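Novice: Chains as they are written, first to last, in the working numbering: chain L, -7 to 690; chain Z, 25 to 350.
Read the hints as simulated data drawn from the structure, not as lab findings.
Nothing here was measured: the structure is a model prediction, and the numbers come from that model.
For glycine and all other residues, C-beta sits at the position ideal for the given N, C-alpha and C.
Please note that the accuracy of each hint is not assured.
[Unchecked claim] Partner residues aside, some chain L positions facing chain Z, computed with beta carbon under 8 Å:
id	residue
1	11
2	31
3	33
4	42
5	157
6	160
7	240
8	265
9	649
10	669
11	673
12	676
13	678
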Amino acid sequence: MRALLVIVLLLGGCGEVWNDPYPASELGKNILYSVFPDRPKHLDPAQSYASDEATFTRQIYEPPLQYHYLKRPYELIPLTAVEIPRPRLVEKNGVTYSVYDIRIKPGIKFQPHPGFVPANLGLNPQTTKNLKSPYDLPLGTRELTADDYIYQIKRLAHPQLHSPIFGLMAEYIVGLKEYAEVLKAAVKPGEWLDLRAHALEGVSRVDQHTYRVTLKGPYPQFVYWLAMPFFAPMPWEAEKFFHQPGMAEKNFTLDWWPVGTGAFMLSENDPNARMVLARNPHFRGEPYPSEGEPGDAARGLLADAGKTMPFLDKAVYTREKEAIPLWNKFLQGYYDLSGIGSDSFDQAVRISMDGEAGLSPEMEARGIRLDTTIAPTIFYLGVNWLDPVVGGNSERARKLRQAIAIAVDWEEYLSIFANGRGVPSHSPVAPGIFGYRDGVPGMNPVTHEWKEGKAHRRPIEAAKKLLAEAGYPDGRDAKTGQPLVLYLDTTSRGPGDKAVIDWWRKQFAKISVQFEPRQTDWNRFQEKLRKGSTQLFIVGWSADYPDPENFMFLLHGPQSRARHQGENAANYVNPEFDVLFERMRNMPNGPERQRIIDRMNEIFRRDAPWIGGFHPKNFALFQSWLGNAKVNEISDNKLKYLKVDAASREALRRQWNRPVVWPLLILFLLLAISVIPAVRSYRRRERMAARPASSQPT
Amino acid sequence: MLAYIVRRLLYAIPILIGVNLLTFLLFFVVNTPDDMARMQLGAKRVTPEAVEKWKAERGYDLPLVWNSAAASLFDKAGKTIFAQKSAKLFVFEFGYSEDKRDIASEIRERMWPSLALAVPVFLVGLAVCVTFALLMAFFRATYLDLWGVVLCVAMMSVSTLFYIIGGQYIASKTWHLVPISGYATGFDAFRFLVLPVVIGVISGIGASSRWYRTLFLEEMGRDYVRTARAKGLSETVVMFRHVLKNAMIPILTGAVVVIPLLFLGSLLSESFFGIPGLGSYTIDAIQSQDYAVVRAMVFLGSVFYIIGLILTDISYTLVDPRIRLE
Chain L
-7 MRALLVIVLL LGGCGEVWND PYPASELGKN ILYSVFPDRP KHLDPAQSYA SDEATFTRQI
53 YEPPLQYHYL KRPYELIPLT AVEIPRPRLV EKNGVTYSVY DIRIKPGIKF QPHPGFVPAN
113 LGLNPQTTKN LKSPYDLPLG TRELTADDYI YQIKRLAHPQ LHSPIFGLMA EYIVGLKEYA
173 EVLKAAVKPG EWLDLRAHAL EGVSRVDQHT YRVTLKGPYP QFVYWLAMPF FAPMPWEAEK
233 FFHQPGMAEK NFTLDWWPVG TGAFMLSEND PNARMVLARN PHFRGEPYPS EGEPGDAARG
293 LLADAGKTMP FLDKAVYTRE KEAIPLWNKF LQGYYDLSGI GSDSFDQAVR ISMDGEAGLS
353 PEMEARGIRL DTTIAPTIFY LGVNWLDPVV GGNSERARKL RQAIAIAVDW EEYLSIFANG
413 RGVPSHSPVA PGIFGYRDGV PGMNPVTHEW KEGKAHRRPI EAAKKLLAEA GYPDGRDAKT
473 GQPLVLYLDT TSRGPGDKAV IDWWRKQFAK ISVQFEPRQT DWNRFQEKLR KGSTQLFIVG
533 WSADYPDPEN FMFLLHGPQS RARHQGENAA NYVNPEFDVL FERMRNMPNG PERQRIIDRM
593 NEIFRRDAPW IGGFHPKNFA LFQSWLGNAK VNEISDNKLK YLKVDAASRE ALRRQWNRPV
653 VWPLLILFLL LAISVIPAVR SYRRRERMAA RPASSQPT
Chain Z
25 MLAYIVRRLL YAIPILIGVN LLTFLLFFVV NTPDDMARMQ LGAKRVTPEA VEKWKAERGY
85 DLPLVWNSAA ASLFDKAGKT IFAQKSAKLF VFEFGYSEDK RDIASEIRER MWPSLALAVP
145 VFLVGLAVCV TFALLMAFFR ATYLDLWGVV LCVAMMSVST LFYIIGGQYI ASKTWHLVPI
205 SGYATGFDAF RFLVLPVVIG VISGIGASSR WYRTLFLEEM GRDYVRTARA KGLSETVVMF
265 RHVLKNAMIP ILTGAVVVIP LLFLGSLLSE SFFGIPGLGS YTIDAIQSQD YAVVRAMVFL
325 GSVFYIIGLI LTDISYTLVD PRIRLE
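For reference, chain L alone in the conformation it holds in the complex (with noise of 0.2 Å):
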């Protein structure tokens, strides 16, 4: 009992909540609560490219240009840039070059940090040894310069870094290519390898907030990789702090300790457990957006409308690898925000008798809300171009898959699978994006027709006729009288894929077609797509840029997966597709650009090279003391426009997590109880005067 009360006054110690799993010397402060699943792999901006590493590269980094936070359509806006630079082309013997002036706004500081502090250059091994965090030596901050943006830019061709759009950048920026090979002949092994050293034909500097890059030939989607971190500014003195001895072994690098000018700046970086990211004291402040998307307005999104950001003091990242534990610490108040799991959608969400997702009760009496979008996203049953049976120009291979297409369906599949999250698609653009079109044109003709102001999937019989006009009548080869068998490539993930296969069988099962699966590890699975060794297999895409391109060159025969190792894993290849592309790629937005993508949408559904797909809905939860959330799903930098309702949010995890202490006290009221027969037998035998044999042990 003893015990117990010391477990109870420890416990209590924690406040009026036990369960709070965070330090009672941050209660009630400014700070948003968060997760993290996996440890981010990289925060080098030259490196750095997944989604959960832009979670902090994101709110860190900043390059010339970012996205508007709440327009729809996603636009581009100046975030370091004075304006968003336009491309002057220009002829130099016979070629044609695009030169991009950025001008950067004047007197943007860097975040503190060792590295400007001219003594923490010269630092002593022992000096080293005894840090706990960089952040322990003086710290010291300048001016951001053109000169950062343009070291940055040589740093994407740093033959010890592996930055992948160095190859996509190589074929536009005037010398980059030859760059990384000078760059190879300079490097010496553990040596810094000063940049400013070596000039980059393509990228110069114009005056001290002025940079050009000069590209080969138009290449309009510039200007979104300009919003990326790939093309944020690097102060020298960060790259050559990190490069001192003994850094590397106290884990000090560029890629775990990022140096930004951002609204934020990693104060705590420990990626096994908590990843803190606190306000830049040297950030300069942003004005909130005073302009959205209709009804955002009416959500209180433009409340903050001209206020200067950010509005929070921290933010304190938990990595929570499993997901129950997180939608519990969520629904107990203690994450701001989430995302919702397969297993808890039922609990959070209702979904009417037309579709629409609403909140369940029990997240509405919690004020909850819930924000959906639809992700720039493709998930598609792809078919190998290469393959004998279901692959190539033939008209019987194409009737064959135009029938596959009819058959499968994807409104099924997302109402079993994905609880309705996602939408089918009919073209290779989600929604959202230029080139997308809802209704009657941007229906799918082959697989679907118009009926009662929607698209209806065609009949099944339909599907059957056009396997007949392949060969395939009753699914079997008209002239061998083989029946067809088709093989779904796929990973395995688990107990789970069983009903998932078994869906897809009873697809194919529609127009008698036999289907086998053939699961395989990821990896062998990606060894697959890169031989061309796959008959029909199942990809996604996310898109880096809200342009139709992005979509579009996943089926640009150049980009054949196979064949020159691109993104195009059906390794479909159509000469009209791909002129086609070549003119769209290059233009701007309009009537010409829209015609062209409804053409190319028009051999795509004839060619079916991907027979359907589906663009996933993404769903987020937010608290209702967190204001102005709103999901963005191109650009992650929504830190800086969040803020909290410190005190709400504490009265209402009171009110959550009072503790309940008397079924413990019954547990222990329990075990007292149980213990009297055990002492009423152990008195009875120490007075028993002889044993009867039957109890002795055997």
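Given chain L, put chain Z in place with the hints provided.
Specialist: Here is chain Z on its own, set in the frame of chain L:
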């Protein structure tokens, strides 16, 4: 005894080489260096050149176990991924993980949360199980013993995952007594460790108590117990002074072998309770195909296991004077 320990340590060298080779083969049967590179470089826009560059930088461009292109026999065996990656392990130089973090420093950092969870589970679990088993043995052939065994079998039959999820649901979600998951350092860690420790102890009661009960009953049938009873000692004295002392020999030696392994943490509990220990480190490494970390953790596990076995042998001589290590 010193000669014995030295001999055992020398035996450990071929064992460790074998374990290392087996880990290497199992890992590379499933993952190729190309797979590792692609996993680290991400899913988008990965060029074959980037993959080759990644491999070359980390020495994964060498042949796996035999370099037929090399000139000398030494180089044929030495200039391979296996030799290059394994040799340094024997001087406990673990190198860097594939995301370029120092493995030794990670292990030093993450060892403490693992110990903070594993040591209380071990000690409290041992005390609880011995007490429970002793009670069952004391009340042998009564309803208390019968229901105790039934309870043990029932508890053995339930998966650890059920205990974890059930414990989180009841103690954290319904009764709001402790945080569901998380970790803090210092005294604040107590709040986060109460539930995983309690669950760790409860989930181990069934199997351990049954085994210990068997050991106690076996001891109770021995001649010296009969002699003790014959000379008029009370049952309590017989149990606690004689039976417990002698039955503790197999219990303690069984426990000593796991002591070094406590450093490696618990794979499941650490993941579910958000404890940043070595168990979750190993799981993460397996999931992200980080061979450097997997290799280091398996090697460390083997070393600890060998140390555990040597300690067990030594502990025999301490608890049983009849045993001498030659």
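Novice: None of the hints should be skipped; say for each whether it holds.
Specialist: Each hint tested on the structure:
Because the closest C-beta pair between residue 11 of chain L and chain Z is about 5 Å apart, less than 8 Å, the hint holds. Contact between residue 31 of chain L and chain Z, as hinted, is supported at the beta carbon level, the nearest pair being about 7 Å apart and thus within 8 Å. The restraint placing residue 33 of chain L at the interface with chain Z holds, with a minimum CB-CB distance near 5 Å, inside the 8 Å limit. The interface hint given for residue 42 of chain L holds, since its Cβ lies 6 Å from the closest Cβ of chain Z, which is under the 8 Å cut-off.
Here the hint on residue 157 of chain L is kept, as its CB sits about 6 Å from the closest CB of chain Z, short of 8 Å. Given hint, residue 160 of chain L at the interface with chain Z, holds; its Cβ is 6 Å from that chain's nearest Cβ, closer than 8 Å. Evaluation of the residue 240 of chain L hint against chain Z yields a held restraint, the C-beta minimum of about 7 Å falling below 8 Å. With a cut of 8 Å, the hint placing residue 265 of chain L at the interface with chain Z holds, because the nearest CB-to-CB distance is about 4 Å.
Evaluation of the residue 649 of chain L hint against chain Z yields a held restraint, the C-beta minimum of about 5 Å falling below 8 Å. Contact between residue 669 of chain L and chain Z, as hinted, is supported at the beta carbon level, the nearest pair being about 7 Å apart and thus within 8 Å. A hinted interface residue such as residue 673 of chain L counts as satisfied when its beta carbon comes closer than 8 Å to some beta carbon of chain Z; here the least separation is about 6 Å, so the hint holds. With 8 Å as the threshold, the beta carbon of residue 676 of chain L stays out of range of chain Z, its nearest partner Cβ sitting at about 10 Å, so the hint is violated.
For the restraint placing residue 678 of chain L at the interface with chain Z, the shortest Cβ-Cβ distance is roughly 6 Å, inside the 8 Å limit, so the hint holds.
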